[in-house]
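Number of protein chains: 4
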Amino acid sequence: MSHNTFGHLFRVTTFGESHGVAIGCVVDGCPPRLSLTAADIQRDLDKRRPGQSKFVTQRREPDTVRILSGTMPDASGKEVTTGTPIALLIENVDARSKDYEEIAATYRPGHADYTYDVKYGIRDARGSGRASARETASRVAAGAVARKVVPNLLVRGALVQIGDIAIDRKRWDWDEVGRNPFFCPDAETAKKWEDYLDGIRKKGSSVGAVVEIVAENVPAGLGAPVYGKLDADIAGAMMSINAVKGVEIGAGFEAARLSGEENADEMRMGKDKRPVFLSNKAGGILGGISTGAPVVARFAVKPTSSILNPRKTVDRYGNDTEVSTKGRHDPCVGIRAVPVGEAMLACVIADHYLRQRGQVGDAVTWPFPPSNQ
Amino acid sequence: MSHNTFGHLFRVTTFGESHGVAIGCVVDGCPPRLSLTAADIQRDLDKRRPGQSKFVTQRREPDTVRILSGTMPDASGKEVTTGTPIALLIENVDARSKDYEEIAATYRPGHADYTYDVKYGIRDARGSGRASARETASRVAAGAVARKVVPNLLVRGALVQIGDIAIDRKRWDWDEVGRNPFFCPDAETAKKWEDYLDGIRKKGSSVGAVVEIVAENVPAGLGAPVYGKLDADIAGAMMSINAVKGVEIGAGFEAARLSGEENADEMRMGKDKRPVFLSNKAGGILGGISTGAPVVARFAVKPTSSILNPRKTVDRYGNDTEVSTKGRHDPCVGIRAVPVGEAMLACVIADHYLRQRGQVGDAVTWPFPPSNQ
Amino acid sequence: MSHNTFGHLFRVTTFGESHGVAIGCVVDGCPPRLSLTAADIQRDLDKRRPGQSKFVTQRREPDTVRILSGTMPDASGKEVTTGTPIALLIENVDARSKDYEEIAATYRPGHADYTYDVKYGIRDARGSGRASARETASRVAAGAVARKVVPNLLVRGALVQIGDIAIDRKRWDWDEVGRNPFFCPDAETAKKWEDYLDGIRKKGSSVGAVVEIVAENVPAGLGAPVYGKLDADIAGAMMSINAVKGVEIGAGFEAARLSGEENADEMRMGKDKRPVFLSNKAGGILGGISTGAPVVARFAVKPTSSILNPRKTVDRYGNDTEVSTKGRHDPCVGIRAVPVGEAMLACVIADHYLRQRGQVGDAVTWPFPPSNQ
Amino acid sequence: MSHNTFGHLFRVTTFGESHGVAIGCVVDGCPPRLSLTAADIQRDLDKRRPGQSKFVTQRREPDTVRILSGTMPDASGKEVTTGTPIALLIENVDARSKDYEEIAATYRPGHADYTYDVKYGIRDARGSGRASARETASRVAAGAVARKVVPNLLVRGALVQIGDIAIDRKRWDWDEVGRNPFFCPDAETAKKWEDYLDGIRKKGSSVGAVVEIVAENVPAGLGAPVYGKLDADIAGAMMSINAVKGVEIGAGFEAARLSGEENADEMRMGKDKRPVFLSNKAGGILGGISTGAPVVARFAVKPTSSILNPRKTVDRYGNDTEVSTKGRHDPCVGIRAVPVGEAMLACVIADHYLRQRGQVGDAVTWPFPPSNQ
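Protein chains in written order, with the working numbering: chain A, 1 to 373; chain B, 1 to 373; chain C, 1 to 373; chain D, 1 to 373.
Hints are all accurate, no fakes.
Derived SDA-like pairs (lysine to any residue); straight-line CA-CA distance at most 20 angstroms:
1) D:K271 to C:T321
2) C:K312 to D:L278
3) C:K312 to D:G292
4) D:K202 to C:L258
5) A:K312 to B:L278
6) B:K312 to A:D272
7) D:K312 to C:R268
8) A:K47 to A:L153
9) A:K202 to B:L258
10) D:K326 to C:E266
11) A:K78 to C:A104
12) C:K148 to B:D362
13) C:K312 to D:E266
14) C:K312 to D:G270
15) D:K312 to C:D272
16) A:K273 to B:K312
17) B:K312 to A:G292
18) C:K271 to D:E322
Simulated from the structure, these hints should not be mistaken for laboratory data.
These numbers come from a predicted model, not from an experiment.
Chain A with its partners taken away, still in its complex shape (with noise of 0.2 angstroms):
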C-alpha cells in the first residue's frame, strides 16, 4: 500500500475527486483471458450508488462505468481482460459545488479538512475531494473485476449494526439482504432501522454501523507469514474505507474474553478429504494464512461528520468558529460501505491468489502420502 495503489500483484490505483471532472481506477496484474464487460462492473456499482433510498445522500449520480483498456474480444466475440492495465472511468454528473462554498475555509470537526489542509497546504474543499466517500466508486469498480480472478469466489456483506441496533443472527438470510434498503440480512431489524434511522435523518444528526464480509470458496494457503499477512492485508484493506475505525476478523475482539479451549476451532476430516472446522472463531484464517473456511471480517464506520447542527471549530486561518453542513450526505454511511468491503476483500484474496500461485505455484498435495516428510 502506497500512496493511492493497493495490492501486490492484483493492483489498482485509483483517483479522482468528488466534484471534479471524474473518477476511476487503473486495474493491473488481472490474469488475461477473464471474462470481463462494462455491465459486470455496472451490477456492483449500482449497489453503491447514491440517491437510491431516503437513508443515503440524495446526489444523483448515474456511476456509469466505462473500460477504456485491457479488455477485448477474444474468438468467440466475447469481451476477456488482455492482461494489461484495466482502466475504468466514471464522470462525475451531479456536482453541486456551492454548497461546499461556506466551509471552504471552515474546518468541519470530524472531517478530514483540517487534516488534508496541514498536510498539503491546500485541499479540494467541494464535497471533500479526494477525501469524499464518492472515492470509494471506483474500488468497487476494481473489485468487481477482482471477483472474476478466483474461481468460484463467493464475497458477500451486510450490515449488522447501526447504532445500539445489532441484528439478530439466528435470523441472518442472505436473501434479505437484497430486498431492504441496508443490505440487511435480518428483516425484522431492518424494519427496526427504518424508523429510527427515519428520526436520526429529520434530526440532521447521523449514526455509526457495523458492517461485515465474507468470502466462501478462499483457498487455503493465501497469505504470508509475516508482514503480508491475509489478515493483515485485509485490516489495512478495510480500514483505508472512508469512516473505517475499528476492523475484527472472526472472533475479533471477543476473541480477548475467550479461552483457548473455546477459541481454538477443532478439526475433523470432512467427507472430500479436505479438514473440516467445527467452528470458525479464526475467521477463516490462521497465522495469517487461510483455511479454506469462509473468510470473516468486520468493521466499524463511525457516523459521517456532515450534521446540521452547528460545532465548535477553527478555519484556516487560526479564528475559533462555529460550523453546520448543508449539503447532501448520508445518515447512516455505513449501508453504502456494504458493497465497498466487499470490492476490498475480493481484492485482497485475488492479489493474495496471484501471490500464492507465483510463489508455490501448483496447489500442495493434501492429505500428505505417510512417507511425505
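Fit chains B, C and D to the known structure of chain A by using the hints.
Just chains B, C and D, lined up with the frame of chain A:
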C-alpha cells in the same frame, strides 16, 4: 507490505525461525546521523524478553542483539546511523526442539500448523518455526530504531483487558505500567489479574487480552489520502502481529454506537497557535491523516492455542486424532504483545514521517494568512 | 518497477492500447502546490506527436491531454497540484484497425506479437495494442509533471546517431535541436540524415538510432547505495522505452577502454564552494549517487520491425509463413524517442529527489567544518 | 528496486559494509521445497572470492556463508527451502582499516566518497564501506538461490573485453572460462590479457572491461508490458553493480546501425513445435517479454578509481588537494564482476518467473488450435 518486508521508506525485513540459528532484521531507509547503539535496542528487547515472570513462557532467551551494519562512530565518537541498512542479529540459545517432536505431524487447533503445511508443503514444526511469537523480537528491535526517527516521538503501550477483566481508565497511570508483570496502567486491576491468570496457568489453559498503544508528539499531516492512510497502515501493522484478531483507532467499534455530534471532536485554537481537539474520538487520525492529537490504537489478542487440554484435530496424513501441547508457552500471549505493538506503531509513524517529508518537504505554514488560497 | 507502474514516491501508472478508446496515466505522489496546467503537458506532447514530418508515422493524432484530477486553482487563481493523484487522459482519434487485420494471426519478426501471445494467450493486434510506441505519450505527459518537482531542473535530449551517421559533438548546439525534424543538435548532420532517411523510407525499410539525454541542475546526493541507485533506475527507465536495446551513463561502454587515470574525473573547489569536476566521464553519477554535474544518459533504439520487405515467420497456429507490414510507421522510431527519454529521466530524478528529501531531509551542510567527524 | 531491496516476488535485501562485522542478505519469497545447502551457495561465492590470482585484490576473505534461516531437512533428510526468508551471513575477516585512514577526509576521484558524504553527511571510509565491491558477495549468494527457482535455468558469464582487447567470438568456448583467471572464453585472448594486465598492475593503474551474461532455458513469456519489462529489470540490475556504466541486450548499441531487415530475427517452426529464431539480435527479449531464445546481456565496467598515481581532488572541508590510493585493489574490477552479473541475471529471471506464474498461471497452450481467437 509484502512477504516479510514492511514499510515504504522506513523498511523492515525480518527473518528467522523459533528454533533456528538466529532471528533478526534489516532496517533500510533509516535517516543518517541518528544516535543508535545496541543498548538502545536492548532496552526495548528486554521488555519483551521471555521468562521474566510466571505469566509468560519459561523459555530462557537472553535476546542479546548485535548491530552488524549501518552504524559507525561520528566525529565525537558517538555511534550513529550512516543511512545504509542496519542489520540486527539475535541468536537463539534455549531451543528445546524435542518438546515439539510429537506434534510435528499433528495440527494444533488454532495454530498455523495446518495452514503452513497446506501452503508450503513443508513446515518447521520446532517451536512453530516462522509462525512463532519469537519473530516479534525482530520487530521490537526495528521499533527501537524507528523511535529515533521522529523528533520527540513518545510511543507507549499498556494492557487494558485480560479475559473479561478490563482496567478502570480513571485509574490510568503510565508509571504503574513498569511496576507489574502485565504492563497494566491500573494497580488495582493488576492485582486482580495476578490471581485470575494464576488460575488459568495452573489449569494449563490460556486467555485473550486487549492492548492499547498511544503515540504522542506525532506531527499533524502524516498519512496519505486513500490506500496509504496512516490508520490503514497501523491496522495492517497491528493485525500482522501474531494472534491479533482485531484493531481499533480511537473510539473504534464504539464509534458505531455514537451520533455524529458525539463522535466529531470539536476544535478550538490552542495557546501555541495550533488547534486543540476538545476530545479524541478520532484517535489522532482524520481522513487517514494525523491531526496532531495522540494517535491511539487498540488490538485484541486471542488466547494462545497451546493448551494442555486435549483437542480434536487431524494429522498431516488426513487422520482424525487429538492433541495437547506440552511445550513452554504464555498463558496470556497478550502481555508480551505490548512492546511489540509499541514497535509496530513506531515503525508506521517513522515511515509516514519520511514519506510526508519526501512528498511535501518542510511543514506547511499554518494557520494560513487570510490572503492564502 | 512493477507491471505498469514506475517510481517509488513519484509514481506513474500508464494504461491504454494503440487502437483502444484512450491512453493515459495516473501520476501519484506529486508534491502539492506546484503550478500545472494542461498546456504545460501539451507542450511536451506536441514534441512527440506523430505526423509532424515525413520521417515519422503519418497517423494523425492530436494527442490532446485532459487533466481529470489532482489540480485546482489556488487563492490567486493559478492552477496548482493538490498532492492527490493526477489523472491524465488522451483519447485515440485516428485508429485504422483494418490495417492490422491480416497480421492478427501472423507474428512480425522483431515485434512483440509472438511474446504477447505466448505470455497471455491473447493479444490486441490492432496497432500492436499495449506494445505500441503510442503508450509513450503517457510517459511524456507524466514527465511534464516530473519536470515541475525539482527546482530549476533542465532536462533536454537530442538524437546523436542515425544508422552509421553520428553527429559531430564539436558542433553541438542545443538551439539547433528545435530547428530540424530529428532533434539533432548539429545542423550539418541533420542535413545528411534528411537524405539518408528519405532513402530508407522510400525503400520501406527502417534504421536504428542513438539518443542522448542531459539533465542539468540535479542536486548532488540523489540516489541510493545499492539497488535503488540513480543510474540503476535510469537504466531501467530507459530500457523500458519501446525498442531500446542499450543504455549508457557518462562514458558508458567507452569506459571499458579507459585507464583509471583517464576515467576518474578530477575535482577542484569551484567559486560557489561546491566542487567542480574537471571532466564528466561519470555522467554525473558516482556510486549510484548524483555528483551535481550534469546527468548524461544515452540509449540505443533498434530499427522498427515494421518494414515492407517480406520476412520469414510463423503464425499463431504453428505454420511457417511470410509477413510484411503495411500500416503507418516510423522509418526511424528513435526520433520520437527523444521527448520520451527526456520524460523518463525527469521522472527518475523527481522520484529520487523526493526519496532523498524523505530519508535525509534538508540538504547536508557541505563543506563540513573541520571539527565535523 | 528500492533502497537496498531488489525484486518483486523473489526479493533480495542486502546489508553490510566492507570493513564492518559482516555482510549478508535476506532472500524473501523463494518457493518452498527447493534443494538448498550452504555448499550450493559457497560454490558461486568461491568464484567471486578475492585473492585468487594476482589480477584481483589481495584481500584474503574466506567468504564462508552461513544459512541462518529458511531451510530445513525434508522427510528424506535433504536440506530444502521452507518458503520463509532465507538469511545468509558472511563474516568479514581480513579488514585492514588502517589502509584507509589517510583518505577518510579526502575524496578519491571516480569514487563514491564525495557523493556518500554529500548525501548522508557521514560515510564509512573504511574500504569504501557500503560502496565497496565487497557488497557484491551478498548478490552472488542470493543468485545461487535464484538459480534453483527456474527449472533447468543455466546462467553463465564471461569477460569479453579488457581495455581495447576484445575476444574473438569465433573461438568462444564455455569450458575455457574456468581455465584462466579472467573468466575468458577464448584461450588466446586470455594469454594476451595476462601480459597486458600485468603491465597495468605494475604501474598501479587500472583498466575497464566488458562482461557478457547468457541465460539459457528461459521460458518464453517472462516480463511485463511496460515498466516491469524483463529487459528493463535486467538493465537496472546490471547497472546497480558497482562500476557498471553501460548495459546492452542482444545487439545492443550495434542495433542503432542496423536496418529493420538486419535486426528483426526471422522465425521458423522447430522440431518440438516451438518457433526457432534464425538469429538472436533481440537477445531473447521482444517487447519486454522473453522469446525462449537465450537471454543475452552485456555490461561495461569502468576501471577502478583506486590507483597509485596522485590525482587532483578536494577534501571534505572544501580544500583543494591530491590523493593516491594505497589499499589492496583490483587492477580490473570487471573480472570479478562476472559471477556478480550471473547472479543478478538469475535473480531477475527468477523474479519474473514467479511473477508470470502468479499472473498467468499454467503456461499458455501454444501453438493455438486454428479455432482459437
